[in-house]
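Chain order of the listed sequences is A and B. The first sequence begins at 90 in this note's numbering and counts up one residue at a time. The second sequence begins at 90 in this note's numbering and counts up one residue at a time.
It is worth saying that the hints were derived from the structure and are not from the lab. Idealized CB from N, CA, C, for every residue including glycine. A portion of the hints provided could be inaccurate.
[What the hints assert, rightly or not] BS3-like mimics (lysine-lysine), calculated; alpha carbons at most 30 Å apart, straight line:
| no. | chain 1 | residue 1 | chain 2 | residue 2 |
| --- | --- | --- | --- | --- |
| 1 | B | Lys945 | A | Lys923 |
| 2 | B | Lys772 | A | Lys772 |
| 3 | B | Lys757 | A | Lys757 |
| 4 | A | Lys910 | B | Lys945 |
| 5 | A | Lys314 | B | Lys772 |
| 6 | B | Lys854 | B | Lys813 |
| 7 | A | Lys574 | B | Lys757 |
| 8 | A | Lys772 | B | Lys910 |
| 9 | B | Lys910 | A | Lys854 |
| 10 | B | Lys257 | A | Lys772 |
| 11 | B | Lys257 | B | Lys271 |
| 12 | B | Lys314 | B | Lys190 |
| 13 | A | Lys314 | A | Lys172 |
| 14 | A | Lys945 | B | Lys923 |
| 15 | B | Lys923 | A | Lys923 |
| 16 | A | Lys910 | B | Lys772 |
| 17 | A | Lys757 | B | Lys574 |
| 18 | B | Lys923 | B | Lys945 |
| 19 | A | Lys772 | B | Lys810 |
[To be verified] Okay, the calculated bits of chain A under chain B, using three or more residues with CB under 8 Å as the criterion:
| no. | segment |
| --- | --- |
| 20 | 401-410 |
| 21 | 741-749 |
These are the residues of each chain, in order.
Number of protein chains: 2
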Amino acid sequence: MSARQKQQKFVYDFTEGNKDLKDLLGGKGANLAEMTNLGLPVPPGFTITTEACRVYLESGAEPAALRDEVSAHLEALEKRMGKRLGQADDPLLVSVRSGAKFSMPGMMDTVLNIGLSDASVAGLAAQADNERFAWDSYRRLVQMFGKTVMDVDGDLFEEAMEAAKRAKGADSDLGLDAGDLKQLVADFQQIVLKETGREFPQEPREQMDLAVRAVFDSWNTERAKLYRRQERIPGDLGTAVTVCSMVFGNLGPDSGTGVAFTRDPASGAQGTYGDYLQNAQGEDVVAGIRNTVPLAELEGIDKTSYDQLMSIMQTLETHYRDLCDIEFTIERGHLWMLQTRVGKRTAAAAFRIATQLVDQGLIDEAEALQRVTGAQLSQLMFPRFEDTVADSGQVKRIGWGIAASPGAAVGKAVFDSYTAVKWSRSGEQVILIRRETNPDDLNGMIAAEGILTSRGGKTSHAAVVARGMGKTCVCGAEELEVDTKRRRLTAPGGVVIEEGDLISIDGSTGKIYLGEVPVVPSPVVEYFEGRMHAGADEADGLVQAVHRVMAYADRVRRLQVRANADNAEDAARARRFGAQGIGLCRTEHMFLGERREMVERLVLADTDTEREEALGALLPLQKADFIELFEAMDGLPVTVRLLDPPLHEFLPDITELSVRVALAESRKDANENDLRLLQAVHKLHEQNPMLGLRGVRLGLVIPGLFAMQVRAIAEAVAHRKAAKCDPRAEIMIPLVGTVQELEIVREEADRVIADVEAATGTRLKLAIGTMIELPRAALTAGQIAEAAEFFSFGTNDLTQTVWGFSRDDVEASFFTAYLEKGIFGVSPFETIDKDGVGSLVRSAVEAGRATRPDLKLGICGEHGGDPESVHFFHEVGLDYVSCSPFRIPVARLEAGRAAAKPH
Amino acid sequence: MSARQKQQKFVYDFTEGNKDLKDLLGGKGANLAEMTNLGLPVPPGFTITTEACRVYLESGAEPAALRDEVSAHLEALEKRMGKRLGQADDPLLVSVRSGAKFSMPGMMDTVLNIGLSDASVAGLAAQADNERFAWDSYRRLVQMFGKTVMDVDGDLFEEAMEAAKRAKGADSDLGLDAGDLKQLVADFQQIVLKETGREFPQEPREQMDLAVRAVFDSWNTERAKLYRRQERIPGDLGTAVTVCSMVFGNLGPDSGTGVAFTRDPASGAQGTYGDYLQNAQGEDVVAGIRNTVPLAELEGIDKTSYDQLMSIMQTLETHYRDLCDIEFTIERGHLWMLQTRVGKRTAAAAFRIATQLVDQGLIDEAEALQRVTGAQLSQLMFPRFEDTVADSGQVKRIGWGIAASPGAAVGKAVFDSYTAVKWSRSGEQVILIRRETNPDDLNGMIAAEGILTSRGGKTSHAAVVARGMGKTCVCGAEELEVDTKRRRLTAPGGVVIEEGDLISIDGSTGKIYLGEVPVVPSPVVEYFEGRMHAGADEADGLVQAVHRVMAYADRVRRLQVRANADNAEDAARARRFGAQGIGLCRTEHMFLGERREMVERLVLADTDTEREEALGALLPLQKADFIELFEAMDGLPVTVRLLDPPLHEFLPDITELSVRVALAESRKDANENDLRLLQAVHKLHEQNPMLGLRGVRLGLVIPGLFAMQVRAIAEAVAHRKAAKCDPRAEIMIPLVGTVQELEIVREEADRVIADVEAATGTRLKLAIGTMIELPRAALTAGQIAEAAEFFSFGTNDLTQTVWGFSRDDVEASFFTAYLEKGIFGVSPFETIDKDGVGSLVRSAVEAGRATRPDLKLGICGEHGGDPESVHFFHEVGLDYVSCSPFRIPVARLEAGRAAAKPH
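With the hints as constraints, model all of the structure from the sequences given.
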């Protein structure tokens, strides 16, 4: 017996707990205790802790002390109730229910009526003066216990019951009498024996112990594990088990059971919502065997109980200062509270309720911020498919991929960027379908309504770029076969989508439909975009609520929020969405399309003159780009990153080109330009381009490249200043690993800036800083800060090098296995890995500030828009996060939530 | 004026310094001061500090305080000498000489006779009573000053002098009289004016100041910079400048100049070595205008001076406790010491002198270890080309690459692995020539005498593997064009080497010769290999000296030294070389050659059965490999690393295969197997394989792979134990990033080991540990140590991820530029980067030991055999270093040197 097991108290009476002990007692147990202590009518009982479950899960056996503790609590319960568990003449019956900190599907829910047996069923009948009730209760026990504890297929019981009803000609179970039910119990027991080889246990304590263990075991059902992974719930919390004395809603018409909400969980509207079912036990409501009535009708059925319930609900909402949901039972006119919890709600309801509670004075703004999440806000920002159509079978679902960038998109299938652009120009909506995308597909992605790929994960090129654009994307739909050559997509079952066929993709769920599903735009986005006034939806109130919550967040947050945006259009949107500047403008996106040829010329330049000419041609274009950008962001900082990716990204793929040339050669018509290109591609080919000639290395190896970019920035700033505007450019050097690199580039940049200042007679005040995106940069941040006025943490690349895996490759090849095996709770590309990457960020922040106290610190990786990561960046003391325009409201909200979080 | 400039003393009189101030006064200045203080006859003078030079180099101007300080020292010197600099009737003349901490080529050396001018030359003539001497001295000044300070082409002066000699019919400069020399001075001044547009400066102080500045400027000549990079001398040390009153060896036959060594710098033999030249100044010796005589003849010329010199040399050697070299001048029978320093010596002499000085009682063993270096030892371990032939022009040098793995190799040119193996089997010696190598070339590399590539740097595959094998390699010979298809090599100038032509490559220098250069084996290797007894070379004494120094090192070192070895042969050699175990056995090397096909089967396996069959076929082979290895290393630890590289390394190259398939398809004869292979290659293709599915990820994704390897190890251990032997295997998991990975693999491994223990009834005691080769592993070392019994730092991979560059790619593309720009002093793949990678190693050592105090810690990257890195690993407290077999003696020596280093 370990020390932990000795010290630990594994069982708590309802009177011993409270609502803050959810970690230990689970949500259900903690809230039953809370209600008990509030003096509400809760049937007596006790809770076995999650700690007992953890011991069981780790060691494979219940902690040794548990049995005695349970006995002691059971004895106390029996004494209080004046009857013993399973006592033949007057059995105490209990329910056994799971109750984890977070409720999750796949967990065993409830076994009712434990304590009934062949011996005690008659005692119950006598006590209740209702034989039918007793046999019905026993029938329920054998059925639930058989199914959930003994793992018998539930359909077998259903079928037997149906058969009994058919034999009797009964419409519902109410048509079966005591004799029928007695026979059914015998049948059910037979089923159990046949299926499991074991008798249904007659010993009440054995029933209880087995049910408890079944709850423990259900922690690790596949469905529960999957849910925990999806919801980022740690796998080792364990569940509590609540043992509660039974009350009966099925003792006759003066009995019943119901569920209630203190406000509408769908809309947040105030009022009383719920359902009531007369003469029934709780699971009848869920099973929908008979029709419930609206809760309001209870007033007519049992006014006393109804009034008491209304009063209790008022108490609960005031006490919990939030929407509560409730399960209750009325036993022969006596109201019993069986459960309450802070109720789930839709994203829209969350925002409405938070502001309503502020208005009611129940919570303050800081508290209101804890009542909503960035994830809820982002749900509200996507256009959606009309549920009624999507789920109706009117359209055919042909596949399911990774929900990479949310939203709902409909369009004609196209299989290449060229067609996407052409068709979109002629007014068609298109969905771009590729095996995977690369920078060449950018124009096509811009033109398309949505992107669908059969390869790559949540951080593949398609996913990242699509999220950046706020464009719907489903990626990694591996069951779909994309044949770009034949321009078609084959789905399982041989469904073939040809170019031009209409498809619909849901980036929030990953679902892919053949045909058109109607789309509803998001009012919240309409509001952020300035197309809808905050007060415009008075009836609905959602936009008003979002508006108010965003204002709370903006008032309290310390982190600034900037955008990753590469052009004036994105910048303008980002600004509308609340961006306080651009944290990352990737200049490589300015080198695509028609300008690609210029980069090719630069790469192929054999002489200084050729290279200078190529750069000279790029300069005015870059300058024009920056002028536009600074205009869109006038008065706000714009961090421009100098060229980052390896140059061969601008050249054709080596394998494709090699094949083309080889085939051409075999036909003796090789193209001179292709041959020259192939030579260059070979020369620039890298085994691991991510670890190759890119970022500052390019700037140091290709004379004049960075100087051209710096000149373009400086001239653009001078141009805007001449127009009496307020451009605030910052120059960011990517991929620095050592301060020497930065010093050399800085020297050159300073020279160029001085040149432009002299030529224009303008003081430009351009800050120069660096990305911290290599472990070495983080490790030597103290040195690097000597030459940098700001750091921007590039946590995407940092994650790649700290973990030694590349986004492009690994998600497909082993992330799934890693999630399955629990090695990751969540992809470190999605939420920052605090122990590894995060510890580097933290120490670099400290070292950088030690060298330069006024060092500006930000982050511009994908993590900048991830709720959990935003909290981390707040905590380590960054000045800003920068994320894609669409994630800006989420980042603002989460930055506010982080600042308002109670400590 | 900065604070530094104010506080600093920039000029030291010779009486103010000492030999330990080399950082500040340079070697020359420090030693002149030391000799002055020893009471030896040194002409008075002073030294301008390196700090003054650093200020000049950083700011572009001499520190403001310098001029006054120099004036003060000059005044003191003038007072002492009783004459002023350039005084017309009796000029004080001085020499201005550079003197850095390390002497280096390319630096301005000396300007003599500063202070002479048209005005003072007559005064000198009168004082010396020798008009010819005065004009000769003036001629020398104008010539040296013109060339080194004013940057005039030295040939112009030489030509003018030759013309004068021709006109006079003189054989040597001694044939020119005062009038001739006066005319020559006028001619030289004309040359200066014509070439520079400026007059030769007549103002003596201006002469001196310009000479001082010229010394400063010469710090940054291209040659000096190159040398510093090669010798790893920091670029910011700066040089000192020594200003010394002139003494003259050219005042007549009772004057002269010479150089001397206290022992033979080539062999280390004791005795007096040197040269003497009558009636000459120092540069005449260097210029070789007239023939010197052996120093011993000075005894006959000037016995008094000779005896005094012998006594001084004795004093110096005893004082410096080392070989000294000396420059001296005799002025009219008076001996002056102009320079001394601890003399350079060959590697062989270094070992001999170190042991001799121990025998003489001048130094102890610890000090002796500081007198030799690992680099010298490794020089002694390579076979060498017979110099007389290589440099004679008997063979043609056709190129020059990177000296990647030292040694001298001769053989017939072959262009593929297959031919290399075939020819070598039939008794031919071959040199394998490739553009670059990959694992497929391994058999060819083993078969070849040496490897020559036209691409890749010091850490390319060819270089790393060749060093591992101790095989000569020249790589990155970019001027050579390798055409493997046509099987030929084209060198500049159109020299074509066909398959079968004899070539010779020198891995110590990078030189490549056409034809055969004779090779001399290394006696030191013969000794390590046990083929030569330590006492066998009594006449020479080198092996004896190495033997003794290695014994000193082994006695004192704390670091153990293990080998990176993958087969019994390498292991046996490593053991002979002193390895105390194997620190890294790469199991992937066991999957090459004929077994490749089995790995292919594993990769192509579609079903569990196919995969299990493929693994089953590999098991007995792996087991046999390990049995051999454990036999070779009986009684010593053998760390076996489970499979590390991505599986597609075992498959054909995607581009080559794509081209082959496309061509075959165009001919309509595509091969079914190729098609299937191409599909697999596509599926496994990764953009950045270094960051892909490899190491522990493979083990987690491919069921049974690691289990097979663990079983093979366990069964091999059991087999050896059954034979009453002492196998000491350790299992190492590569590429772990998080403790969860290790835990899962460990669990499986423990199960397999328990299986084998049960089956064989043997307790196996297999330690399980991990590579620390990802930043995240280092950052979370405290967690990882919970599941690891040992860490082995994989500093190659760690360097790649910490810096974000891949060995395979970047050396070629930007390392050269980085070295040129001084961003690196030395490649971080060669010597560990202490600030970045090193800081991770240091903190991981601390965190690991904090979790598990008895954690065994080693390193198995290439750095394990690098001298400077070995010192670092000693310092951070590792238990062992592991390196390629050939580097083991170096590692042993450096580990000893590190332990013996005074603090």
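Hints, verified against the model:
As the CA atoms of lysine 945/B and lysine 923/A are separated by approximately 27 Å, the hinted pair is consistent with the 30 Å bound. At most 30 Å may separate the alpha-carbon atoms for a hinted pair to count; lysine 772/B and lysine 772/A meet this at roughly 25 Å. Proximity of lysine 757/B to lysine 757/A is assessed by CA-CA distance (about 18 Å); at most 30 Å being required, the pair is judged to hold. As the CA atoms of lysine 910/A and lysine 945/B are separated by approximately 28 Å, the hinted pair is consistent with the 30 Å bound.
Pair hint lysine 314/A plus lysine 772/B holds up; C-alpha atoms about 29 Å apart against a cutoff of 30 Å. For the hint pairing lysine 854/B with lysine 813/B, the CA-to-CA distance comes to about 15 Å; that is within 30 Å, so the pair holds. Restraint check for lysine 574/A and lysine 757/B: the C-alpha separation of about 19 Å stays at or below 30 Å, so the hint holds. Restraint check for lysine 772/A and lysine 910/B: satisfied, since their Cα atoms lie roughly 22 Å apart, inside the 30 Å limit.
At roughly 28 Å between alpha-carbon atoms, lysine 910/B and lysine 854/A fall within 30 Å of each other, so this suggested pair holds. Restraint check for lysine 257/B and lysine 772/A: not satisfied, since their Cα atoms lie roughly 61 Å apart, outside the 30 Å limit. Among the hinted pairs, lysine 257/B with lysine 271/B is consistent with the structure: their alpha-carbon atoms are about 14 Å apart, no more than 30 Å. Of the supplied pair hints, the one linking lysine 314/B and lysine 190/B holds, its CA atoms being roughly 14 Å apart against a limit of 30 Å.
Our distance criterion of 30 Å between C-alpha atoms is broken by lysine 314/A and lysine 172/A, whose separation comes to about 39 Å. For a cut-off of 30 Å, the pair hint linking lysine 945/A to lysine 923/B stands: about 27 Å separates their Cα positions. Between lysine 923/B and lysine 923/A the CA atoms are separated by roughly 25 Å; this keeps the pair inside 30 Å, and the hint holds. Annotation: proposed proximity of lysine 910/A to lysine 772/B holds, straight-line Cα distance about 23 Å (limit 30 Å).
Proposed proximity of lysine 757/A and lysine 574/B is supported: the alpha carbons are some 18 Å apart, at most 30 Å. For a cut-off of 30 Å, the pair hint linking lysine 923/B to lysine 945/B stands: about 21 Å separates their Cα positions. Distance hint between lysine 772/A and lysine 810/B is unfulfilled; the C-alpha atoms sit about 53 Å from each other, more than 30 Å. Proximity of the segment 401-410 of chain A to chain B, defined as three or more residues with a beta carbon under 8 Å from a beta carbon of that chain, is not established by the 0 residues found.
Only residues whose beta carbon comes within less than 8 Å of a beta carbon in chain B count, and the segment 741-749 of chain A has 4; three or more means the coverage holds.
When held up to the earlier numbered hints, the structure conflicts with 10, 13, 19, 20 and fits the remainder.
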